[in-house]
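Mind assembling these two chains? They're in different frames, but the hints should get you there.
One line per chain: the protein sequences are A and B, in this order. Using the working numbering, the letters of the first sequence correspond one by one to residues 19 to 472. Using the working numbering, the letters of the second sequence correspond one by one to residues 983 to 1273.
Don't take every hint at face value.
EDC-like cross-link-like pairs, simulated, lysine to aspartate or glutamate; straight-line CA separation at most 20 Å [as the list claims (entries may be wrong)]:
(1) Lys118(A) - Asp1103(B)
(2) Lys236(A) - Asp984(B)
(3) Lys330(A) - Asp1111(B)
(4) Lys189(A) - Asp434(A)
No lab work stands behind these hints: they were computed from the structure.
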Amino acid sequence: MSKRRMSASTPSRLSFPSVDVSRRGFLSGAAVLGGVSLLAACGGSDSGSSSSINTSNVDPQAANGLTAIFGPGGKTGGSEVTLSAGMLLAMTGQGSFFGKVMSQGAQLAAAQIKAADGITYDVHVADHKSGDVPTAIAATRQLITQEKIKILQTSYGAPSEAIVPQIAQSKLLSFNGGGSSPGQVGKDFLWQTRMIFGDDPCPGALAWVAKQFPDATKLAIVGTQENGVAGASTIGPAAWKALTGGTVVANEQHDVGATDFSSIVARIKSTSPDAILTFSFGDDVGYLVKQMREANVTVPIIGIEFTEQAAKVAGASYDTYNFATDFYDPANPNPWNKIFVKGYQDSYGEAPEYYGANYYEEVFFVWELVRRVLAAGGDATDTTQLQNSLVENPTFKSLYGGDAKSTGEVTFNPADHTISKPMGVFSVTNGQPKKIADIVKISADADPTTALVS
Amino acid sequence: MDLNLFAQLTVSGIVVGSTYALLGVSFGVIYATTRIFHLAHAVAYAGAAYGAVWASEALGLPFGLALLFGLATGVVLGVLIEIVFYRPMRKRNATLLTIFLVSLGISVAFPNLLQIVFGPDNKTLPRPDNPTYELGSVTISRQDVIAVLVAWALIAAVATFIVKTRFGRSVTAMRTNPTMAEAVGIDGNRVYTVVFVIGSFLIAVAGLLFTTRGVATPTMGLQPTLTGFIAAFLGGIGSQWGAALGGLALGLLSSWSALYLQVDYGPVVVFGAMFLVLLIRPQGLLGKAAA
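Next up, chain B with everything else stripped away, as it sits in the complex (with noise of 0.2 Å):
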C-alpha cells in the first residue's frame, strides 16, 4: 500500500465526510422528528447559497454579511416549507406519502424558479484566500479546515442542544411519541418549526461552504440532500452521533477506495458498505434497534 497516498485520501476523507456529517445531521434531525422524507431540504441548501449571491451582488454586502443573509434566507425557505405546506398539510390528516410528494415537487420545482429569476448561469460569491498547507506528503487547504471545523463544531452544538436542553428533551419526546408528548403538554408544532431551524440551518450552512469553494447553480441542492439521506439512514436515524459517523463513513470509504479502484467505481463501495451495514444492523451504525 502506497502510505502517501493512504495518508492524503484519509485527509480528504475526513474533509469530504465531515460535510457529509453535517449534511447526515441536518436530514436526520428533521426526518427522525417528523418522519417527513423533506426532499424539498434541497431548497435551503441552494436557497442559502443564492441568498448569499445576491446579497453579495445586488446589495453589496461585504463577504461576512452576504453570507449570513444567505444562512437566513436558507433557513427562512426551510421554515416556510413546514409552515406554509407540511403543518396545513398535516392539519387535514395529509399521509407522509402525500406530503413526501409535495416535497418532492418543491424539490422539482425550485431549481427552475431559481434559473427563471436568476438564469442559468453559474454564481460566485467573492473568493476568500484559500493558503495550502504541506504536512509531510499531505496537502490540505484552509478552507478544507474551516469546514471541518465548522461541521464538527456545528454537530456537538446540535447534539448538546438535543441531549441537554430542555427543548431538546422536547425534540426527542415529539421523536418518539408525538401523541403523548402533546398530552402532557409540548407543542409539537413549536418542536417541528424548530427542527426545521436546526436542519436547515445545518444545510445552509454546507451550501455556503460550497458555494465559497465553488459556484451556485439551480440544481445544487439535490445530491447533498441525498448524501444527507444516506448518512442519516446508515448511521442511524434519531441520533445525531450515528448520522454524523454515517456522513463520515461515507466520506471515508469513498476516499479510500481510491487506493485499489478508479474513483468512478466509489459509489459501488459505498453503496455495497452501506447495504452490509443496513443488512445487519437495520438500525444503522448507531440507531437503537425497534423494540
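Here chain A stands alone, though its shape is the one from the complex (with noise of 0.2 Å):
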C-alpha cells in the first residue's frame, strides 16, 4: 500500500500531495511556530507601541531648561495638540542597533516635550528588518491604518525610497535621518535630516586627503549598492581628479552585511592605491578596515561613517581610520544637546551617538511646526499645514553646532528637501572620534578645494 493511499484512509493523517502529515506532528509543530513567532514577534515589530519613557522620570530642569530654549508649552506651546507618529526602523536583524539607538532617541524627544507641557507625541515603532522592501511596505499600512499616524520617522535607503508613494498619498510629514539616498530627494512630505550620505562630504573628505598626503595621486574606492553611490561613480573620481591630478585605480563593490573583504583587500593591495576611501556603512566598515590592516594595507583610509559597533569590529585598527560627515558630538556644549545628552545618559544608561541624536531632534522639529502653526491659528494636526510652514521658514534650532549659550542651526533645503549641517572630518582615537578639520557642501561644479573650510 502506497504512503499516500494510508494517508488517504487514515482520519489522524493530513495528506499532501507528495508528503505527508500526521496531524499530531503537524500541530506540534504549528504550535513550536506559535510560540517561537511570538518570541521573533517580541524582538521585533512592536508597531502599536508607545513612548517607554514615563514623563514623570523627565528631569524637571531639562523640562525648564526646554522651555528657555523653545518657548513655554500650554496651549501655544501644543499641549492639547496629540500626534499619532510612526517609525520605521530596523528592529531586528543586522541593523537592530540602529533601531534601538533611533526609537530611544525619539521617545525621549517625546517625553521631555510631554514634560514641557508640549504636544503629545505619541510613538509606535515598526520594523522594516534591517531593510527588507516589502516588510517596509507592509509595516507603513499597518501604522496608516490601525494606528492612523501623521508624523513618521524612517530609516534606511531602499525602504524609504519603497515607501514614498505610501508618505506622499497619505501625507506624512516624513523625516528620515538615517539613510538619506538621492532616491528620496524633493520626495512630497518626505525631509531628510542627515547630509546626503556618503555624497555630500566626499568632495570635503578627499580635498582633505589631498591636503594631508600631497604625494596621493592613486585612490581606491569601497562601496556598495545602498547608499554613496554617486560618491563613488561620479562624484569621487571627479573630485579627485580635480584635486590631485590623479586617478581611481580600483572601485570595489561588496554586498551590504559583508564580513570577508579579503578579495576585495587582496584586488586593491594588488594596485597599490595611496588612499582609500569607502562608501561602505554600518559595522561593514569595521571589518574592512581591520581586515586591510591586517593584509599590510597601511595607506590612509577615510569614510563616511562612524559608529561604535563597527569600532567595536575593527578594535584597535579603527585608530588608523578617518571620516567625513555631518557627525554628531555628544561632547558639544550647545545647552540643548547638554540636555539631550543627560536625558538620554539617565533614561538609558549609556551616552547618545548620531542616529539617536538624529531622530530625537526630529521630533523637535515637528513640535516647533506645531508652535508654529498654532501661533498662526492653523490645525497642528494638519500635515499640510504643518509641511507649509517648513518651507515658509526652513530653519530650526539644532544640536549640531552652537556653543555654550546657544545652539546651533539647521536649514532645510525647500526645494529638494535636503538639511544642511555642519560636517567635519574625524580622527579616531581609542575608538572615539575627535573633529580635526571642517568641511561643507559644494554644488557639483564647484571647485573642490573649497569643501576643505579649515
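Have a look at this one:
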C-alpha cells in the first residue's frame, strides 16, 4: 500500500500531494512555530507600542531648560495637540542597533516635550527588518491604517524609497535621519535630516586627504549599491582628479552586511593605492578597515560614517581610520545638547550617538512646526499646514553646532528637501572620534578644494 | 594574469574555504544521518559565540576558558534541540517537513531571544594578538593559520571517527538503512545524539573562530548554516571529505572569481559552478550515486 493511500484511508493524517503529515505532528510543529513566532515578535516589530519613558521620569530641570530654549508649553506650546507618530526602523536583523538608538532618541524627545507641557507625541515603532522592502511597505500600511499616524520617522535608503508613494498619498510628514539617498530627494512630505549619505561629504573628505597627503595620486574606492552610489561612481572620481590630477585605480563593490573582505583587500592591494575612500557603512566598515590593516595595507582610509559598533569590530585598527560626515558630537556644550545627553544617559544608561541624536531632533522639529501653526491660528494636526510652515521657515534649532550659550541651527532646502548641517573630518583615537577639520557641501561644478574649510 | 594577486587570492580562498569546509562537514554529518534539514544549526553557532562572550564578561573567565564555555554552550544547545524538539516529533511520526518547519521556527526565534537577553549591540571577546606574516607578495595572519589548521584537524578527526570506529560505523549504518540498523541493535536515538554533538561542536568552533576576529551578533548564525548546507550538497551528502571539499571549492571559487570580476559577482560564479556540478553529478563531488 502506498503511503499516499495510507494517508487517505487514515483519518488522523493530513494528506498533501507529495508528503503526508500526521495531524499530531503538524499541530506540534504549529504550536512550536506559534511560540517562536511570538518570541520573534517580542524581539522585533512592536508596532503599536507607545513611548517607553514615563514623563514623570524626566528631570524637571530638563523641562525648564527646554522651555527656555523653545518657549513655554501650554496651549500655545501644543499641550492640547496629540500626534500619532510612526517609526519605521531596523528593530531586528543586522541593523537592530540602529533601530534601538533611533527609537530611544525619539521616545526621549516625546517624553521631554510632554514634560515641558508641549505636544503629546505618541510613538509607534515598526520594524523593516534591517532594510527589507516588502516588510517596510507592509509595516507602513499598518502604521497608517491601524495607528492613524500623521508623522513618520523612517530609516535606511531602500525601504524609505519604497514607501515614498505611501508617504505622499497619506500626507505623512516624514523625516529620514538614517539613510538619506538621492532617490528620496525632493519627494513630497519626505525630508532628509542628515546630509546625503556619502555624496555630500565626499569632496570635503578627498580635499582633506589631498591636503594631508600631497603625494597621493592613486585612489581606491570601496562601496555598496545601497548608499553613496553617486559618490563612488562620479562625485569621488571627479573630485579626486580635480584635487590631485590622479586617478581611481580600483572601484570595488560589496554586498551590504559583508564580513569577509579578503578578495577586495587583495584586489585593492594589487593596485598599490595611495589612499582608500570607502562608502561602506554599519559593521562593514569595521571589517574592511580591520582586514586592510591585517593585510599590511597602511595607506590612509577615509570613510563617511562612524559607529561604535563598527569600532568594536575593528578594534585597535580603527585608530587608523578617518571619516567625514555630519557627525554628532556628544561633548558639544550647546545647552540643548547638554539636556539631551543627560536625559539620554539617565534614561538608557549609555551615551547618545549620531542616530539617536538625529531622531531625537526630528521630534523637536515637529514640535516647533506645531507651535508655528498654532501661532498662525492653523490646525496643527494637519500635516499639509505643518509642511507649509516648514517651507516658509526652513531653519530650526539643532544639537549640531552652536556653543555653550546658544543652540546650533540647521536649515532645510525647500526645493529638494535636503538639509544643511555642519560637517567635519574626524580622526579616531582609542575608538572615539575627534573632529580635525571642517568641511561643507559644495555644488557639483564647484572647486573641490573649497569643500575643506579649515 | 597578475600572479601576485592570484597567489593572494588562493591563500585567501584556502582560509575562507577551510571555514566553509568545517561548516559543510558540520551540516553534512547531521543531515546525512538524520535527514533533518537542520536550519536551527545556526543556534549552536551563535550560542557558542554568546556563551563565550557571557563567560568572559559576566563570569570573568580568561580567554581560553571562555572559549571552552562557549563551545560547551553551542554543543548543549544543539543537542537540546534534538532531544527537546526533534526526538519527540519523530516519536509522534512527524514528517521531515514538519520537523523542518520547527527547525525554521527555532532559527527565526533564537536571534530574537538573543536580542532580548543581550541587546542588539555587537559583543566582543578579548582580542588575541594577531601578527601577520609576509610570504613573498602574500600576507597571512596568525589567526588565518590557526583557523585553517583547526578546521582541517577537526575534519580529519571526524572523518576518521566515522570510518574507523565502531560507533562511527553505527552512524554509517543509521545513515544508510536506519530500520535495519535498529533491527540489529543499534540505538538510533543515541546515534542521533552523537551526530548532533559532533555537528554542533564543529559549527560552534566555526562560530568562535569568527567571533575572535569579529563580533557576536544575534543574527550571525543563519548565513554560515546556509553556507554549510551548500558545501555539504556540493561535496556530496554522506561523505565528510566530500563536504569538506565542497566547502574548500566554494571558498576558492569565490576568491578566484575576483581575478576577473568585481567581488560582488562572486556569489554568481559560485552558484553557477554549483549548478553545473550538481547538473553533471547530482550526488555531489564525492557523493555516491543512488543505486
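Hint by hint, here is what the structure shows:
Between the alpha carbons of Lys118(A) and Asp1103(B) the distance comes to roughly 9 Å, so the proposed pair stays at or under 20 Å and holds. Restraint check: the Cα-Cα separation between Lys236(A) and Asp984(B) comes to about 19 Å, which is no more than 20 Å; the hinted pair holds. About 16 Å separates the Cα atoms of Lys330(A) and Asp1111(B), which keeps this hinted pair within 20 Å; it holds. Restraint check for Lys189(A) and Asp434(A): satisfied, since their Cα atoms lie roughly 17 Å apart, inside the 20 Å limit.
The structure fails none of the hints (numbered hints given earlier).
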